[in-house]
Every structure is written in structure tokens, then in C-alpha cells.
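Participant: Given the sequences, and given the hints that come with them, work out the whole structure.
The lines below spell out each chain.
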Amino acid sequence: MQNNKNISSVLKSVSKPGRYIGGEYNSIIKDKNDVKCRFAFAFPDSYEIGMSNLGVRILYDVLNKEKDIWCERVYAPWPDMIQKMREYDIPLTAVESGDAVKDFDLVGFSLQYELCYTTALVMLELSGIPIYSKDRKETDPIIIAGGPCVYNAEPVADFFDLINVGEGEEVLVEISRLYVEMKEDGSYTRSAFLRRASKIEGVYIPAFYDVSYNESGTIKEYRPIYDDVPTKIKKRIIADLDTVSYPEKLIMPYIETVHDRIVLEVYRGCIRGCRFCQAGMVYRPIREKSPETLCKAAKCLYENTGYEEISLISLSISDYSRLRELTDGLLKWTDDAHVSLSLPSLRLDSFSEELMQKISSVRTGGLTFAPEAGTQRLRDVINKNVTEDDLRRSVGIAFKGGKNNVKLYFMNGLPTETEEDIVGIANTAKTVVDCYFALPKPERPKGGVSVTISVSCFIPKPFTPFQWEKQDSLEALEEKQKLLKESITDRRIRYTYHDAKVSRVEGILARGDRRLAKAIERVVKNGAVFDAWDEYFDYDRWMSALEEEEIDPDFYTTRGYATDEVLPWDIIDAGVTKEYLLRERNKAYEAKTTPSCAEHCNGCGANKLGGKNVWCK
Amino acid sequence: MVQVNNTPITLRVKFFKVGNLQYISHLDLVRTMMKVIVRAKLPLWYTEGFNPKPKITFAAPLSIGTESMCEFMDIRLTEKISPAVAMERLNANMTAEMQAVDAYYPDEKMTALKWLAYEITVNTKGADEALATKCNEALSLEELPILKKTKSGEALVNIKPLIKSATAELRGEKIAVSCILSADSSAFLNPEYVVKVLREKCGILASEDLTSESYAIMRTNAYKENMSIFR
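Chains as they are written, first to last, in numbering that gives the first Met the number 0: chain V, 0 to 616; chain L, 0 to 230.
Hints were generated in silico from the structure; no laboratory data involved.
Using N, Cα and C, we set each Cβ at its ideal position, and we do this for glycine too.
One or more hints might be untrue.
Unchecked claim - Straight-line distance between alpha carbons at most 30 Å, and here's what the computed DSSO-like set of lysine-lysine pairs gives:
1. 29/V / 34/L
2. 64/V / 31/V
3. 52/L / 399/V
To be verified - Some chain V residues judged to face chain L by a derived CB distance under 10 Å, without partners named:
4. 7
5. 17
6. 19
7. 21
8. 23
9. 251
10. 253
11. 301
12. 303
13. 306
14. 365
15. 369
Facilitator: Listed below in C-alpha cells is the structure:
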């Protein structure tokens, strides 16, 4: 953070000043004279969180490969620094150059979770950029949003000039190139630029659509204000993941970040089709990278970073069709280099002794699995396709392999959930404890067994078969959490759960429409920032902001949406069709499962997006 | 996995850590260096056991807010390589604000380092000869009792015996303090305490506006007990 002011005393007065200094090894500095477009990649959370994000790393690399585009990073200053910046009138700056964000051409926000919206607005405010798109002047940067939240960006649509729906590697370069072109030929104005950008596939210009509402409060229609803008915005995908650019270098943070390691993206999409899972739906179609590409990338990244851990990233790593080739290829050199592999998304039904051997060098004594629900009936409803036998077998392998900590993820509030399902979560955890004691004593890992169950609250997310479902009320969720707590009798079982109040606000933001913008603006005015952090989240502040704007939170949560209703996210075409989602919803009510894409094509519609993939024909 | 030579060889690297890197803590420096030495492809010696790691040690950890021209790091190697080559490879893997200036196979242990010299530059309101004199008088008092953080909370400690020398002078519009402080691990004196003495006794850095005043601390030299240069 450079500045005209002497801020060394400010830096000495805040926590972790290393967040603000930049200058990291592998960060990119360009000569401003060679640069025609300055792009600020803004992550609305702390440096430590933002630095760990794979999307930022990929897009930073892609944009900087363009000679005349300089992409820099911007993170949200921690609240102690925000206070000092306000006190001393210090503007928000980019990490690399220390230049004010306000002076950039394009500013792209990565929206990874709904609770970052308030932080994004605070970042605009600290930059001196008007928060509403309509209030920006010709000299202001174009404010862009992308990331998983934009599959329903409606609650924040009024704040952004341009939204990138889908994968950004190509779109962001096209947008930047268009900017350069229009600046050079003198045709650039904000409106002319946005008009031409709207023709790029995967670009959504919210201001080009008028939204009208029915008397009941539901949406009547989205009407484009020009004839030549698309009526539905088709998500953009990368066709071939083997040829798409992937970073060869990673910026090496000086301070400790959340995921301080090499991340290898193995494939996009998911063959499973769990009915609650948004990622599993919106990242379709499934496109894999080849083991050759991945092994080459891993070696290169290791040499350029010196990291001692490689994490294989995907929605479900054991579903990668060539996992053995990949792990064998990596293990050829990783052991000798003292590099360990981690596979963070293991499924219960495909965990094997072989896989465990390969990751045995991992230091932690634990393994994590996600049964998601406590009874077979409910697991069938959500199409999780794992059984209690899978669980017994997997934890058996884990225990024999010396792991004595097992963490299990579950959800409360799933459609059709009953008391039996909730008690079932406790029983499932108990089963794991019993599996430990079923082993002959010499085979048990030392130090006893510990089972942690982490229970989140179900949110009916857009573009899932459950998108029309009701979200449980606060009272219902808290009641369920209490029941579960009472059902756990074994002290070897540790129970943690998400705050239902947080989930309710997330639900509102995930399912909301454009009328929420003024409530978000108000909550920021009332001091909200870093809502994704428990210590800064304030439920009452949210509820009173909604109330002041006369918005009924139940409308977006406990009401549930009708299947013939215009949904806020109907403006987006994410690939999967409504017909498929409805079919899956109906099967859920019958507790019927759907086979994975590897077994059978279920006609979700995502194959129409194209792409070089393994399973879709 | 096979480690041929079980007795590590210690290579000592002297480096500087200046500018914005003063805001990087010692722990983060260790983490950073662990990756630098891997990228530099040095013949690293790994600790034995379940979780082998390279071994590096540092002399006198630097606290956040202090720059340094003389930091020392010992790296354990499996074989002797040319120190010049090691230095070149290390420097290629570090940024401009942290670079090695010397590398060698040392004769003495890190613990021989007993004293450290610092230059403290204070940009404070009303810096003049009179203030410099006042600072000198404060620093030459017989006793300097200061509330110092200890393992069991805070205690009033006389830091005077930990100060080998300390003089202030007016340099331009700033007060410059040159001092040599104890670096002994059992009696380490953080230069921030010298600033604290001057703040309390001479009223420097009294403004509440953080952007109007500032100070910088630079570690400049390292000495052994007999005040000969440590290397």
C-alpha cells in the first residue's frame, strides 16, 4: 500500500500489517507505459482468504499473460485498517502498484459467498466509487462481478455494471480487449462499452433489463430495454481444460494464508447430482484434465513455489476417471521431494486402502467425509448415493491406517426431514465410534477415537432440484439443533453446527431479487462488513435493515417458490434445464435415486453447452 | 528418501530485510525462507522422523517494524557447495527487499552473537538540537526503569545494563539515535524500548495523528561479547 501520506505509523498500529504490503515473490509488476488496460481483481474478504482462492490465481495469470493488460489484486482491509483509512482519508489501493482502485479501468469482484456482499460495497466506498451502477460517472471504473454467486446476482445487480456468468478465463480477456479497442478508436463511453460487451457470451448487463412484479410480490417479467440484448444470459464455459491456461507460478504470500499450498484443479463439474448442491449443477458439463497436463503443471508449480503440499481440487476427487494414473504420476517424484498429496473431497463409496496409502504422508490424523443426512431414506431423497455400509467400510480403512479423527458433514433442514433423520445423525456418528471399538485392540490407532459432526443448515439454492423448496424457519432449525444435541450421548462425539441466523441471511441473499439492493445498502450504512466472519455478523442489523426497507424475509425463505413462478435467476441459462430440475425434485419426493453421469445420462441439458468431456455423449 | 550423509553441514547466510518487509513477522519469515531454500535447489538436509523437514535457524528474531541490514540464517546441507553459488540461487528466489549479502561456512555458533547495533530515526514534531540534547540526557541516566513484557505479565525492569551505548543527534529535521543493545537470548532488548524511553521522558511522538509523525528502526551490525564483529 503506497500512498502520498506517510502511513508507516498506521501500518505499525494495525494487526498483521503484512496484509497490505504486496511485493510478494511471483507477483507481477508491469511498466505502466506498456499497459493499456488496468484491471483490479477485487476479493471482498481478507488477504488471507483471498490469496487462497483458486479462481483469483487463475484469472490473475490469464489477464497478465496479455502484454498490455495489467491485472492487480485488491483485498478488503481488516476492520481495524478500515477504521484508520476512514480516519486519515486513505483510499483503497491495489496490492501491486499501490495505485488507488478508483483510477483503474476495470474492477472485477469475485463473489464467492453471499455474505461477502457487504464487504464488496465497503470496498467500493473506501475506493470513492459510487456503489450504484447508475450513479457512476464516465471517469469511474467499470465494476464487474463474477464467481458462483452470480448464478443469482439479482440482490446485488444494481451495484454492478457488468456480470460475468460462468467461467472467466476467456470472457475477462475479451472484455478487457474490447475496452482497449474502444479506448483506442475513441468510441469508448460507459454506455457504448456496456452495450457492445452485452454481446459477448456470458456477459450480463443488469441495467439493460427492467424487472416488473406481480401484486403478490413475485416477479412478473424481465424485459430487455434494447432489442439487441439477449433475453437470457447463457453461462460461459471453457471447452477444453487441457489447453486452457493454468498458472505456472503462484504468488507466494509473506504471511500465512488459509490454503498455503499448490492447488491442482483436476476437473470441473460433478457426475453425482446431489439435489441440494449448486456447484454440482452449475459447473456442468464435466470436463477433465489429463494426467499428463496435471503432472506437468504440478512439477512446474512445485519448482516455482517450493510448497510441500499439493492439493487435488475438484468436487469429488475419487470420481476422476484417471485418478490412479494421476496419483501414480505424482508419487514418482513427490515422496523424494518431501511433498505430500492431499485429496480434500473424498467420497465414502470410493475410499480405498490404496488411496489412503497415497495420502498417508499427510500430517493430520484425520479424514473427512460427507454423508449429509442421517438416514438412508433422506440420503436417497437428496441423491447422495452412499450407504451406512460405505461409511463402516471407509472408517474401518481409516482406523486401520492409523487415523483416529473422523469428521462428518451433515445438513439440517433438508426437504422431508423428520425427527428420525435428526436422531439418525447422532446414530451415524455413534456407528463410527462403534466401528473403532469393533477393531481388535492392537489394530486400533492410539489415542482413542474422536468423531466430529459438523452440521450446516440447508439453503435451497438456485439451479438445484431443491430451488423451489422452503427454507426452515429460524425456530424450526434451532429446535432441530437442540434435538440433535440431546441425541448425542457419547462424549467422543463432538458436535458443531452453523448458526441458523447466518443461514437465514444467506438464504435471503441467495434467493433474493433486485428489491434487496436497498436493504444491503442500508445494512452497510449501519456498519456491516465481513459478515462472513462470526465476530462481525450481526443478525439484528440485517433484520432491522430489511424491516426499514419493508422487505419480508419470509418471502424469500420459508415461503418456498411455486414451480410456475418467474424466479429471479431465470434470466440466467446455467445449462441444466428446469425440466430436469423438476424431474429430480419429483424423484426426491419419492426417495428415488438417480445414477451418476458415469453410469447413465440423465439428460440434464448441460451437454448442450459443448466442451470436451468424458461422460456426456 | 535415502539420506546418505547423516551429519548436516551448516551454511550461514547473512541477508538484509528492509522496506515493507519490516512488517513481516519472524514466524512468517521462517515460513518464507523454508520455501526459498527449496526453490533455490540447495542440497538440503532433512530432519529424520515421520515428517522430515529442512532445518533453518536464525539469530535474534526481528520484531515487526524493524528493518535489518544484518540478519543471519543457518541452513543445514547434506554436502558442501560453493557459498557464492548458494547465494546466487537464494537471491534469485527472493524479492528485492530481502537479499543475501554473504554466505560462508561459519566458525562459530549463532549464540556467539551478543550485541546488536541499531539506527533509530525519529520523525517527530519540534525536532531540534535542544530535543536531541534532551534525548541524550535521558539515555545517559543511571537507571532506565521501563515496564517490560516478561513471561509472567509486565514488570518494571531497568534496561540500562542492556544498553552498551546510545547517543542521539539531530540529523536534518529528524532525531537519530545510534545504539548498541544486548542480543543475548536471556537478556534481549528490543529497540522499541529505547523509543519508549524517549517517548516517555522527552515527549517525542506525542501526536495522536498517526500520519504526522513516525519512526524507523534499522538493525545495522552484530557483535560478539568482546565487541568484535560477529559473522
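Participant: All hints are to be evaluated individually against the structure, with a verdict given for each.
Facilitator: Hint check results:
Using a Cα cut-off of 30 Å, the hinted pair residue 29/V and residue 34/L holds, with the two alpha carbons roughly 25 Å apart. About 15 Å separates the Cα atoms of residue 64/V and residue 31/V, which keeps this hinted pair within 30 Å; it holds. Proximity of residue 52/L to residue 399/V is assessed by CA-CA distance (about 26 Å); at most 30 Å being required, the pair is judged to hold. Hint status for residue 7/V relative to chain L: holds, with the closest Cβ pair at about 5 Å, below 10 Å.
Given the 10 Å rule on beta carbons, the hint for residue 17/V holds: about 5 Å separates it from the nearest Cβ of chain L. Interface hint at residue 19/V: satisfied, since its Cβ lies 8 Å from the closest Cβ of chain L, which is below the 10 Å cut-off. A cut of 10 Å between beta carbons decides the hint on residue 21/V: the least distance to chain L is about 7 Å, and the hint holds. Taking 10 Å as the C-beta contact cut-off toward chain L, the hint placing residue 23/V at the interface holds, the least distance being around 7 Å.
Taking 10 Å as the C-beta cut-off, the interface hint given for residue 251/V holds, the closest approach to chain L being about 6 Å. Contact between residue 253/V and chain L, as hinted, is supported at the beta carbon level, the nearest pair being about 5 Å apart and thus within 10 Å. Because the beta carbon of residue 301/V sits about 8 Å from the nearest beta carbon in chain L, less than 10 Å, this interface hint is met. With 10 Å as the threshold, the beta carbon of residue 303/V comes within range of chain L, its nearest partner Cβ sitting at about 7 Å, so the hint holds.
The beta carbon of residue 306/V is positioned within 10 Å of a beta carbon in chain L (closest approach about 7 Å), and the interface hint is therefore held. This hint is violated: residue 365/V has a C-beta 15 Å from the nearest C-beta of chain L, more than the 10 Å allowed. This hint is violated: residue 369/V has a C-beta 27 Å from the nearest C-beta of chain L, more than the 10 Å allowed.
Going down the numbered hints, you'll see the structure goes against 14, 15, while the others check out.
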